[in-house]
Amino acid sequence: MIRFDGVTVRYASSDAVRLRDATFEIPEGELCLVVGPTGSGKSTLLGCINNLVPRFTGGIRTGSIHIDGRDTTLLQPRELATTVGYVGQDPLAGFVTDTVEEELAYSMEQLGYGAAEMRRRVEETLDLLGIADLRDRALRTLSGGQQQRVAIGSVLAVSPRVLVLDEPTSALDPIAAEEVLATVSRLVRDLGTTVVIAEHRMERVIEFADSVLLVGEEVRIGPTREVLAASPVRPPIVDLGVRLGWHPLPLTIREARRAAAEQRRAWLESPPPLPAPAPGGRPVLTAQDVVVRYPQKLAVAGVDLVLRSGGVTALMGRNGCGKSSLLWALHGAGRRDGGTVRPADGARIALVPQTPADLLYLATIAAECAAGDATAGLAPGTTLSLLRRLVPRIEPAAHPRDLSEGQKLAVVLAVELAGDPDVVLLDEPTRGLDYSAKAELRDIIAAMAAEGRSILLATHDVELVADACDRVVVMAEGEVVSDGPTRDVLAGSALLATQVAKLTNPTPVLTVREYLDVAR
Amino acid sequence: MLRSALPRPLHPFAWWGYAIGLAVAASSTTNPLLLAGLIGAAIVVAMSRRGSNPWANSFALYLWLAVFIVVLRVGFRILFGGGDGPTVLLTLPEMPLPSWVRGIRLLGPVSLEAVLAGLYDGLRLATIVVCIGAANSLANPKKLLASLPAALYELGTIMVVAVSALPQLGESLQRVVRARRLRRGSAARSRRDRLRAVETIIVPVLSDALERSLALAASMDVRGYGRSGSGGRRRTLALGLGAIGLLTVWAFRFLAGSPDVRLAGVPIVSVALAAAGLGCGVAALRVAGRSVRRTQYRPIRWRWPETLTVLCGATAVLLVTAVAEPTVVFPAISPFAWPSLTGPLLLALAAAVLPATLTPPPSMPKVAP
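Protein sequences, first through last, are from chains A and B. If you're matching positions, the first sequence starts at 1 in full-length UniProt numbering and goes up one per residue. If you're matching positions, the second sequence starts at 1 in full-length UniProt numbering and goes up one per residue.
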């Protein structure tokens, strides 16, 4: 269905080759999962399928691409509208009209479908994606998951032969992501469309993926188990399976539970020694009865929270449950309509907002760092050396907008850390970060905690929480619903359990590292 | 019940035809009773037949604008005088002005004639504004643009994109302003510092907007926008330029009052120029439209309620301009005569209010989820 012959891509902005000699073929009707570390060219490869790369991104592409037996190498993306449907990361950025029905019809209007045919297809698409009750809602009022489903529907309406999804859930919370991926898996089974998907929640997709395309130094395609075993990025269960040499390699919790049955029984008889949470330091921030009330909504409804030095606390809960409002209220820059927030004597608080790029406005990173030094009254170069410690490979002359999400986060963090804060609040820092960037973030957090700072991070990422945090606070509807050591909160919950915890339940082992440590 | 009378939105052209008719009728009268009646009719129709869309709520704005116009007109007459008559209502202390602003007076005697002239004039403009407001809240602007010739389709796209981009810009501005509070910025002391503060907001907002527009452009392209080819672009350009040129020459001749060859009382050159210019314009639109192969989702079809609505507007115009006596349509101010409504004017008002019942109601209100 899709055939790449020696496709090589180099962008105009740098000399580095983004995609080197990609040669592969994806058969018709398959779901192909694209994996690879950050910057390996996953998005580039997906963009090549409908020629967005290089038509929209610039750069040089060599090699040839055939789709459905047709040479599409030189076609415009618009010529491929009925062949390739493309859905990006942020659905809102791609909407052209303003209501659900019109958005679904947009492609067909452009392609000159007849009125009756158009109406029929819109109705079918509404049902196919389960969004019929949203038909005349304004797109902006929909939740993230609904928006992404509309975006998928709007390209499916013209029944393309290939559906390309570039990290369709990276901007969504886990429940919305679940909703979208469930829809995708149903479409694959029902429609037989060829789907190419890049997804960082790999564990949700590998179950029904027919093949995996690994993008790295070389591009290779093969059966899921085979490719994942050799992949540098893989979900925790697969990682554990590879390290313990399980055969066949488990892809789902069920398969892994079967493989680990014996180990579980052994642990039931003699519980393994699991590391206990470190005792907290002195309290650096005490909040009592914090209330944040917006005109239409009570965002935070009386929250008590004590942050201790050296502690890493995760703040979890679905989107819109008041996490951000609480962080802003704790910092003091956001609104607070009741209660008290008392930092310990002279304790400084820093907050990294959800879109760190909002804080960057200078032309180079070096300039940003110099501005950070100036405002904090530090010797020139302090912030830059701090940044170098966080991300060693960063280029000071680069424009902040050219950085990856993880690097932007690091720059803002470095500027904030220059003020030597005692409390660091992070609002969803894992958004848009892949496995390796998250590993870096985990190290940064650990380093900050070791310096005696207290860290509170709002996140949806259970695996990161299990790895980096010692305490978890879960919020719902503006209230704290559970607060305790990470192991107790995560392992005791069905929704928040990590993959390894689901595997070892009822023994609360949270991460692959812990499993390997105690199993030895 | 007839199919065409079922709840549905009316064709936008019908609403605009009706509203323009009312506006033309209003512009050819100064009778305050008739004008008030036309405003009333427009309000009744707009209130009973507007949908639940965001643009439908804009009607109140137009009403306030109309009130403002009337107050302003009358206020100016009181402040600066003009159109003064013998019937002085009250005398305000006149402000002495320097001699070089002759012809203008500040305060002073206020005459009934001046106030009435201001009121009639203001009311006339206010009625036109209310009619346009009614059309705007009754007709779906997106459907209106979609019904225009295919060559003008881009206008519709630009409008829809702009409408959805504005709130996004507002949101990102809000976010950046909030985020700025986090960077311990030194208080703005000098002018340079203040400029810097603006920079810290504008740069992230604009780069955000730029990124968004690129994403939108890519998304539109991927979904087939502009696929219908750009054939005949050169011919369109030639015809369009021809139309502009011919019409410019015609307008110049018309304004300059150039002598013309008359044949049976018809100025040949002028008419030929105007006809050729218009012809070129129409041809340009057609050629451009032919290369565009787009369709419209759920187009609104023209049925008899649409025709009736336009007829109502036309009837009002006809009755006011052709049938009613001029003394009633333009009541005298000096000497003052009470305005009155005669049979033809009452009929015109009846025609103006008819669409409130003749047209199908807008789509059923949806139950909130």
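Just so you know, these hints were derived from the structure itself, not from any lab. Beta carbons: idealized from backbone N, C-alpha and C, even for Gly. Some hints could be false.
[To be verified] A short, non-exhaustive set of chain B residues, derived as facing chain A with CB atoms under 8 Å: (1) Pro109; (2) Pro167; (3) Leu169; (4) Pro204; (5) Met220; (6) Gly226; (7) Arg235; (8) Thr342; (9) Pro362.
[What the hints assert, rightly or not] Anything over 10 Å on all C-beta distances counts as not near chain A; from chain B, calculated: (10) Val44; (11) Leu112; (12) Val160; (13) Leu214; (14) Ala215; (15) Thr248; (16) Gly257; (17) Val261; (18) Arg262; (19) Thr357.
Outcome of the hint check:
1. Pro109: violated (52 Å)
2. Pro167: Hint on Pro167 of chain B: holds, closest Cβ of chain A at ~7 Å, below 8 Å.
3. Leu169: Constraint on Leu169 of chain B not satisfied, violated at 13 Å.
4. Pro204: At about 5 Å, which falls below the 8 Å cut-off, the nearest Cβ of chain A leaves the hint on Pro204 of chain B intact, so it holds.
5. Met220: Since chain A brings a Cβ to about 6 Å from Met220 of chain B, closer than 8 Å, the hint holds.
6. Gly226: With a closest approach of 6 Å, the Gly226 of chain B hint holds.
7. Arg235: Interface hint status for Arg235 of chain B: violated (21 Å vs cutoff 8 Å).
8. Thr342: violated (47 Å)
9. Pro362: Hint violated; Pro362 of chain B Cβ to chain A Cβ min 13 Å, cut 8 Å.
10. Val44: The claim stands: Val44 of chain B keeps its Cβ more than 10 Å from every Cβ of chain A (closest is about 27 Å).
11. Leu112: At roughly 49 Å from the nearest Cβ of chain A, Leu112 of chain B sits farther out than 10 Å, so the non-interface label holds.
12. Val160: violated (6 Å)
13. Leu214: violated (8 Å)
14. Ala215: The claim is violated: Ala215 of chain B sits with its nearest Cβ about 4 Å from chain A, within 10 Å.
15. Thr248: It holds; Thr248 of chain B is separated from chain A by about 35 Å at its closest Cβ, greater than 10 Å.
16. Gly257: Since the minimum Cβ distance to chain A is about 49 Å, Gly257 of chain B lies beyond 10 Å and the statement holds.
17. Val261: Nearest chain A Cβ is 48 Å from Val261 of chain B, so the label holds.
18. Arg262: holds (49 Å)
19. Thr357: Nearest chain A Cβ is 26 Å from Thr357 of chain B, so the label holds.
Violated hints, in rising order: 1, 3, 7, 8, 9, 12, 13 and 14; the structure is consistent with all others.
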